[in-house]
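2 protein chains.
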Amino acid sequence: MGELYLVGMGPGNLEGLTLRAQEVLGRAGTVIGYSTYIGLLEEMGLLEGKGVVRKGMTEELDRAEEALERALGGERVALVSGGDPGVYGMAAPLLELMEERGFRRADGGVGLPGRFRLGEGEVWLEVVPGVTAANAVASLLGSPMAHDTCLLSLSDLLTPWPLIQRRLHAAGQGDFVVVLYNPQSKRRHWQLRRSAEILLQYRPKETPAALVKGAYRRRQEVVLTTLEGLLEAEAGMLTTVVIGNSQSRLYEGTFLTPRGYALKYDLETKEALPGETPGLPLRRGDA
Amino acid sequence: MGELYLVGMGPGNLEGLTLRAQEVLGRAGTVIGYSTYIGLLEEMGLLEGKGVVRKGMTEELDRAEEALERALGGERVALVSGGDPGVYGMAAPLLELMEERGFRRADGGVGLPGRFRLGEGEVWLEVVPGVTAANAVASLLGSPMAHDTCLLSLSDLLTPWPLIQRRLHAAGQGDFVVVLYNPQSKRRHWQLRRSAEILLQYRPKETPAALVKGAYRRRQEVVLTTLEGLLEAEAGMLTTVVIGNSQSRLYEGTFLTPRGYALKYDLETKEALPGETPGLPLRRGDA
Chain A
531 MGELYLVGMG PGNLEGLTLR AQEVLGRAGT VIGYSTYIGL LEEMGLLEGK
581 GVVRKGMTEE LDRAEEALER ALGGERVALV SGGDPGVYGM AAPLLELMEE
631 RGFRRADGGV GLPGRFRLGE GEVWLEVVPG VTAANAVASL LGSPMAHDTC
681 LLSLSDLLTP WPLIQRRLHA AGQGDFVVVL YNPQSKRRHW QLRRSAEILL
731 QYRPKETPAA LVKGAYRRRQ EVVLTTLEGL LEAEAGMLTT VVIGNSQSRL
781 YEGTFLTPRG YALKYDLETK EALPGETPGL PLRRGDA
Chain B
531 MGELYLVGMG PGNLEGLTLR AQEVLGRAGT VIGYSTYIGL LEEMGLLEGK
581 GVVRKGMTEE LDRAEEALER ALGGERVALV SGGDPGVYGM AAPLLELMEE
631 RGFRRADGGV GLPGRFRLGE GEVWLEVVPG VTAANAVASL LGSPMAHDTC
681 LLSLSDLLTP WPLIQRRLHA AGQGDFVVVL YNPQSKRRHW QLRRSAEILL
731 QYRPKETPAA LVKGAYRRRQ EVVLTTLEGL LEAEAGMLTT VVIGNSQSRL
781 YEGTFLTPRG YALKYDLETK EALPGETPGL PLRRGDA
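Line by line, the protein sequences give chains A and B. Residue numbers for the first sequence follow this note's numbering, so the first one is 531 and each next one is one higher. Residue numbers for the second sequence follow this note's numbering, so the first one is 531 and each next one is one higher.
Just so you know, these hints were derived from the structure itself, not from any lab. Incorrect hints may appear among the rest.
Where chains are identical, the list cannot tell them apart; a pair therefore holds if satisfied intra-copy or between any two copies.
Capping the alpha-carbon separation at 30 angstroms, the derived lysine-lysine pairs in DSS-like fashion look like this [claimed, not checked]: (1) Lys743 x Lys585; (2) Lys716 x Lys800; (3) Lys585 x Lys716.
For reference, chain A alone in the conformation it holds in the complex:
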């Protein structure tokens, strides 16, 4: 039986790998991925003695096909994604392709890991989760994601812009913290500005925002700005953008979205405020 592991690399440095990802990459015979990620794994020294297949950016279906064919042939394959394979990564294109090719469940199970069969071939499939960009970037900022958050990709390669725009409005209406993946590229130059314009309809122009480029990689850049500042900001393919909710603020160079402790407790004494009880619902605060 072949084995296919969808491996989340985390932000892209060795220390950001999970022990499971490191172990699976160590045992893999073949590693398949987008060329940037393959390059990072090479620098980490994790590809020595392995078969390596590097593909271009829009070739996700080719990567998935190659991984499936090799696993069907009995190889132990690691198909890598930056961050987490489930967040704009390889998990969905792989399952979509398996469905199209007619892979059937072979173990009667639910969820993953699992065994899947096509003709005479059988494949063990496992997803190894990783630290997604939102969490990596948040750790470099302070606590921007400490309250309810939307992850939203601005890429229009597979999503029509009207749907992206509808989601930006919804994120504004719900006062969600917003993390933008793929905020900008050479071709897509106006979407980030338009996103800021939409969110400005719902929250103050001073709302903290941040651009983090190449988190945990060489030449990492962390820029704090405001929602209004995003109107003129420049981002790239390696940038993740974070926009606070209406309660977010800056504190000594950090991006602080409060969890709500100050609504319930006197932070000086740590005692509950009058009318509030630890372990019971918050009584004050509005929607």
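With chain A held as given, fit chain B onto it using these hints.
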């Protein structure tokens, strides 16, 4: 100078730690955390020879205070959170308390890691990100989070219910995948049902949903159901709930939210559909 590390444990098994988390825990003199997480670290054998402070569930501010005092006293402290410290974890209460206590930045920097000063004391502060529950749970299901997603906590201890409800409506309007943290407790028994009722106003009752309890821990349970099924579902403090968007479907026991490849490509030939071009915006599909 004392050192304070906010360490994300990931789902709670040794293999889910990042290499950085393992290293930081290895070097820490004192480990502070909620008793469940301390218990998990003990089982992993990571606490031998260390000072250990375990606190109860609603004592986040006490944990933060203890960590700060010890770091100010020169200790090397790891303050642990399940999953990621930035997602409903210890990052926000720590920064909120530092602000209240009057800690000032000592390095003139932006973001974290950084050095902070209070009186004569100085503390190095770093957040070590981890795999948050949403990603751990997604990896056990298939690809539920492959499109834009909201992370939403149903806990009303620090958030008024009307705000939670407003966010559920927004998530419905935006057709976001929804991941519910803290969906239910003994006291909070009706919020999960009410959440399903709200989302049923926006998407079909057959929409896939899942309950995952104790992901990557002993007695892990993965249950696939539907949005309608959540009306009668039982969840607990260790459960994370995932609700698909309008495109999500089941495929051979996996929870598949498509990324959108089938809108642009013929999955059999992997060629772009008529009118579509790889690397250019999607032309079909609606909002």
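Run through the hints listed earlier and report the numbers of any the structure violates, in increasing order. No hint contradicted; all consistent.
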